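Trainee: Sequences and hints are given; from them, build the entire structure.
The numbering of the sequence shown is our numbering, which starts it at 1 and goes up by one.
Take these hints with a grain of salt, some might be off.
[What the hints assert, rightly or not] Cβ-Cβ distance ranges computed for the label pairs, FRET-style: (1) Leu144 x Ala35: 50 to 60 Å; (2) Asp122 x Gly81: 35 to 45 Å; (3) Ala149 x Ala35: 47 to 57 Å; (4) Gly57 x Gly292: 50 to 60 Å; (5) Ala29 x Asp225: 53 to 63 Å; (6) Ser165 x Gly72: 33 to 43 Å; (7) Leu163 x Ala185: 20 to 30 Å; (8) Ala37 x Ala250: 17 to 27 Å.
Hints were generated in silico from the structure; no laboratory data involved. Treat the numbers as computed from the prediction; the structure is a model and nothing was measured. Even glycine gets a Cβ: it sits at the ideal position worked out from N, Cα and C.
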Amino acid sequence: MTTGGGRLADGAGGDVRPAEGTGGGRLAAVRAAMAAAGVDALVLRPSPDFRFLGGSGGAFLVVTPEVCEETGEPDLLVPAGARRVGVDPEMRVRELFGLSLEAELVPAAAVLARLRLRKEPDEVAAVARAARAAGEVLARARELAWFGATERAMAWRLAGMLLESGCEEVVSVVVAAGEHTARPAHRPGDRVINPGDALHVSLCGRWDGYCAEVARVYAVAEPPDDFEAMYSVVLAAHAAARRAVRPGVAASEVAAAAREVIDGSGYGRFAAPHAGRGVGLSHQEGPWLRAGDDTLLEAGMTLCVEPAIYVPELFGARVADVVACVPDGAAPLDAGAEAGAWTCSDAGVPAGAGTLWVLDR
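Mentor: Structure, rendered in structure tokens:
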């Protein structure tokens with residue numbers, strides 16, 4: 001499977017041969033970044049960084065100024081006398097201790113994180129496919145029987161639907177009901193879904209190596225008191241963040257656009273600390289749409305816009321959609337032609353997210 005980077009030569013241990021198009025330029029850019037950072041070699045295990053450089057299943061991928069090769073013995077490919085070696089952030093402890101290197105070990109992200117921010121067209125297409133699949137499953141979720149089911153049972157049901165759609169991996173499924181919607185890190189449990197509950201559902205799957213997350217908000221039978229007012233603020237913040245996305249704008253400015261709406265509503269102290277993040281080979285990567293991240297957006301970046309409000313012990317709401325930064329703004333990637341509801345309104349909010357869906361069974 002290619003991921004927009006290099007592909008391995010036939011046979012184990014062959015050098016990575018860049019795929020037609022951008023692969024050679026990607027490897028050259030990595031080597032230039034290594035030189036600028038004073039890194040003599042990269043040692044990557046199967047991970048997003050590994051896939052970024054075309055890794056296809058070997059134990060390790062080693063990149064030096066001379067080679068880019070998969071191997072089971074990375075020590076043999078790291079140049080003698082290497083002073084700084086970048087290692088994969090997902091490297092296991094036993095793998096780190098297994099490296100017999102007399103060199104300073106530094107995170108490979110220092111070299112690769114910046115290069116992964118901007119996607120090539122085939123990468124954007126893969127993210128879009130993942131986003132459409134998640135959005136289509138969530139549209140179909142309205143027809144499921146929710147009353148009396150548990151969060152965990154519905155999460156399993158949705159995960160199965162995502163796999164049936166052709167997704168190669170389910171990265172995460174969140175189903176949170178009632179007061180659990182106010183927990184940003186909630187995991188589906190045995191809580192029964194009842195009439196009068198707010199309901200938060202999000203799906204993240206992987207297609208062709210790339211991830212995308214889409215999240216929606218529902219009400220079961222009827223929304224709780226004051227819920228619709230809070231939800232309308234989240235939608236307005238979502239629209240403001242999307243309107244702010246364009247090349248040359250800092251990630252922190254997009255976050256500020258969403259935060260201004262939430263602060264003006266009086267819900268400021270309940271706002272999530274960020275308004276979104278990058279997605280790609282990982283479901284959470286830079287840039288981060290939050291205060292302090294002054295990364296300038298560029299055309300080709302793919303972002304999950306996800307402002308949220310969490311009112312402890314009561315309810316919360318989070319709407320997540322994936323967009324690509326393009327020259328004239330933000331292009332929605334989860335607007336599948338097969339699901340007509342996933343078009344954008346004049347306010348910049350996907351129509352599928354813009355109305356509070358009320359589940360009637």
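Trainee: Each of the hints needs a verdict: does it hold here or not?
Mentor: Each hint, compared with the structure:
1. Leu144 x Ala35: 50 to 60 Å: holds, 54 Å
2. Asp122 x Gly81: 35 to 45 Å: 38 Å Cβ-Cβ, so the 35 to 45 Å window holds.
3. Ala149 x Ala35: 47 to 57 Å: holds, 56 Å
4. Gly57 x Gly292: 50 to 60 Å: Roughly 37 Å apart at Cβ, these two residues miss the hinted range, so it is violated.
5. Ala29 x Asp225: 53 to 63 Å: holds, 54 Å
6. Ser165 x Gly72: 33 to 43 Å: holds, 35 Å
7. Leu163 x Ala185: 20 to 30 Å: Holds - the Cβ-Cβ distance for Leu163 and Ala185, about 24 Å, lies within 20 to 30 Å.
8. Ala37 x Ala250: 17 to 27 Å: Distance hint for Ala37, Ala250 holds at roughly 23 Å.
The structure does not agree with numbered hint 4 stated previously, though it agrees with all others.
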